[in-house]
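S.K.: Here are the chains, one letter per residue:
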Amino acid sequence: MDSPIVSAQGLRKRFGEFEALAGLDLAVPPGTVYGLLGPNGAGKSTAVRILSTLTRPTAGRATVAGFDVREHPGKVREAIGLAGQHAAMDEKLTGRENLRVFGKLARLGRRGARRRADELLERFELTEAADRQVSTYSGGMRRRIDLIASLLRAPSVLFLDEPTTGLDPRSRLEIWAIVRELVAAGATVLLTTQYLEEADQLASAVAVIDRGQVIAEGTPAQLKARIGSHIDVEVGSEDDLAEAGAILERMTGGQPRAEDLRIVTGVHGTAPSVPQIVRELDAAGVAIQDVGVRRPSLDDVFLTLTGRPAEAPAEQRTDEQPKQREKQEAAA
Amino acid sequence: MIVLADSLTLVERKLLQLRHQPGTLVAMLVMPAVMVVLFGYVFGSAIQVPGGGNYREYLMPGLFVMTSMFALSSAMVDVAADQSRGVTDRLRSMPTSRMAVPFGQTGADAVTGLFGLVILLACGLAIGWRVHDGLGRAVAAVGVLLLFRYTMSWVGTYLGLLLPSEQTADSLSPLTLPLSMLSNAFVPTDGMPAWLRAICEWNPISAAVAACRKLFGNPGVPAADGSWPLTHPLTATLLWAAVLLVVFVPLSVRRFARAGL
Ligand SMILES: Nc1ncnc2c1ncn2[C@@H]1O[C@H](COP(=O)(O)OP(=O)(O)OP(=O)(O)O)[C@@H](O)[C@H]1O
Ligand SMILES: [Mg+2]
Chain B
1 MDSPIVSAQG LRKRFGEFEA LAGLDLAVPP GTVYGLLGPN GAGKSTAVRI LSTLTRPTAG
61 RATVAGFDVR EHPGKVREAI GLAGQHAAMD EKLTGRENLR VFGKLARLGR RGARRRADEL
121 LERFELTEAA DRQVSTYSGG MRRRIDLIAS LLRAPSVLFL DEPTTGLDPR SRLEIWAIVR
181 ELVAAGATVL LTTQYLEEAD QLASAVAVID RGQVIAEGTP AQLKARIGSH IDVEVGSEDD
241 LAEAGAILER MTGGQPRAED LRIVTGVHGT APSVPQIVRE LDAAGVAIQD VGVRRPSLDD
301 VFLTLTGRPA EAPAEQRTDE QPKQREKQEA AA
Chain Z
1 MIVLADSLTL VERKLLQLRH QPGTLVAMLV MPAVMVVLFG YVFGSAIQVP GGGNYREYLM
61 PGLFVMTSMF ALSSAMVDVA ADQSRGVTDR LRSMPTSRMA VPFGQTGADA VTGLFGLVIL
121 LACGLAIGWR VHDGLGRAVA AVGVLLLFRY TMSWVGTYLG LLLPSEQTAD SLSPLTLPLS
181 MLSNAFVPTD GMPAWLRAIC EWNPISAAVA ACRKLFGNPG VPAADGSWPL THPLTATLLW
241 AAVLLVVFVP LSVRRFARAG L
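For the protein sequence lines, the chains are B and Z, in the order given. The opening residue of the first sequence carries number 1 in full-length UniProt numbering; numbering runs sequentially from there. The opening residue of the second sequence carries number 1 in full-length UniProt numbering; numbering runs sequentially from there.
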């Protein structure tokens, strides 16, 4: 593995009596999306603020792009872009004016700032809105212009603090597309999120943070493997329950549980595919209503790791579950 | 150099803001006229200038200083807004010199302040206020006003950095008005109870107003047995400015560089 482009060892941050970071360790390989996942107050923003030189750690060490955040903050600032938790724009100016002003303050020069602003607006399809005041922007457009502003200096490391919180699904997809594009172009992105699905979709590695510490780290797949998956089978009649249960037990080595006409089987390791299950059950003459393999969400990961559910914001929880179900209707 | 370039960028930002807010621009033009009429004619008809003289000539230096005083609240609101919206954090995460930002913001205010002062001077001239002691001393008076304004915008910058939100800054900013009233800007201090008179005469605003009256040759220059700041208004104003700048510039720069640590 390449040596990490962002690393932290034993980062601590105290606010008075309260310890927001309690020894955080991170290692982000270059050219990847790294997700910091955790509930409200876990310390995600504090970690990002330390790595982007806005806050000094109480203890511990962190380097970004090869520079110590404490000793060479100026060098770190030249290498990074930051889009904080709130869109940091001058509401009274247009999007383009904001980018020009920030571009000049970011030492791009008058002409350079103009060119870069136009180029980024074009590339990220904000040209129509570019000459309207930011105060008229929708939440999604605000986020996008804010993200663009963090790209003015073509940073090699980009910190995004909850880039999609409060956005509708379409705006989230747009932000995700931008992140993927940036990483494809060689940048490293460290993003924080409370959306478990977001880390799953974007990140090649995830650190789950709770109370200022990393409680689990790995690829989303590795984290899920710690939990296993579930097979959901719904049979046509009660007569088939016993037979189907026996088949599922044989196929998976798990313990099928029946609820009415449903049989839920927990699986460790790789679950058999839906067609395999359908074939076996069909061969035994079991009438199947519905078969699904439910891969665990990172929600389940969180629950398993901490014994508490993740306190994700309420507004968008409902539409997350269906996407994580791989379902296939099977006629009997 | 960097500080200067950033100041110019921040001036540009301020001008761009004004361009999008024609209302504010109109207010900038109309407010002085309203104040001149309100104070000059409404209050003016009932106030006697000590030692005689036209009240409107007495008033104008008070209005010049009062509007300069508004730099305190506008800096406070702007800085608090930038901070609560995350703009300050964005600037602090960029390779912009951390010193440049507060210097740039106060510099930008000085430029717009000069513009406002020119309008107010024109309003004054229109109602009969005059410069009596020559152009040189008048330019010196404008210099004193700009220095006073610049000082106040540093005080406001520091206060803005301390405040938790834009709303707090907004609700505190009208306090500059009574602060300006606690002075010799609109009424002579002679008739006040002794304790109030002492407060008013040691208010830096009074020194600045007295300095302007002296330099413009306007009526209301206090008698020689008055309190020290009023009998030595120019020295007192410069001292006040020096003391406040020495305190608030380093405080603001430090606070800006280290905010949130
Ligand atoms: N400046 C501060 N002073 C005091 N406490 C703070 C400060 N900043 C953060 N905290 C506390 O530190 C803890 C971690 O905060 P942080 O903002 O890092 O959490 P987070 O994971 O980003 O949460 P969220 O999902 O709500 O953004 C919280 O309990 C917060 O109240
Ligand atoms: Mg946060």
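What the hints contain is simulated information worked out from the structure, not anything from laboratory work. Please note that a few of the clues may not be correct.
Unchecked claim - Subject to a maximum C-alpha distance of 25 angstroms in a straight line, what follows is the list of computed SDA-like cross-link-like pairs (lysine to any residue):
#1 B/92 - Z/30
#2 B/75 - Z/3
#3 B/75 - Z/1
#4 B/92 - Z/199
What the hints assert, rightly or not - Looking from chain Z toward chain B, a few residues come up when the C-beta cut is under 10 angstroms (computed):
#5 104
#6 176
#7 179
Quick caveat: nothing in here was measured; it's all calculated off a predicted structure. The beta carbon of each residue, even a glycine, is placed where N, CA and C say it ideally should be.
S.K.: Hint by hint, note whether the structure agrees.
M.R.: Against the structure, the hints:
{"no.": "1", "hint": "B/92 - Z/30", "result": "21 angstroms, holds"}
{"no.": "2", "hint": "B/75 - Z/3", "result": "19 angstroms, holds"}
{"no.": "3", "hint": "B/75 - Z/1", "result": "20 angstroms, holds"}
{"no.": "4", "hint": "B/92 - Z/199", "result": "39 angstroms, violated"}
{"no.": "5", "hint": "104", "result": "8 angstroms, holds"}
{"no.": "6", "hint": "176", "result": "22 angstroms, violated"}
{"no.": "7", "hint": "179", "result": "27 angstroms, violated"}
Of the numbered hints given earlier, the model fails hints 4, 6 and 7; all others are met.
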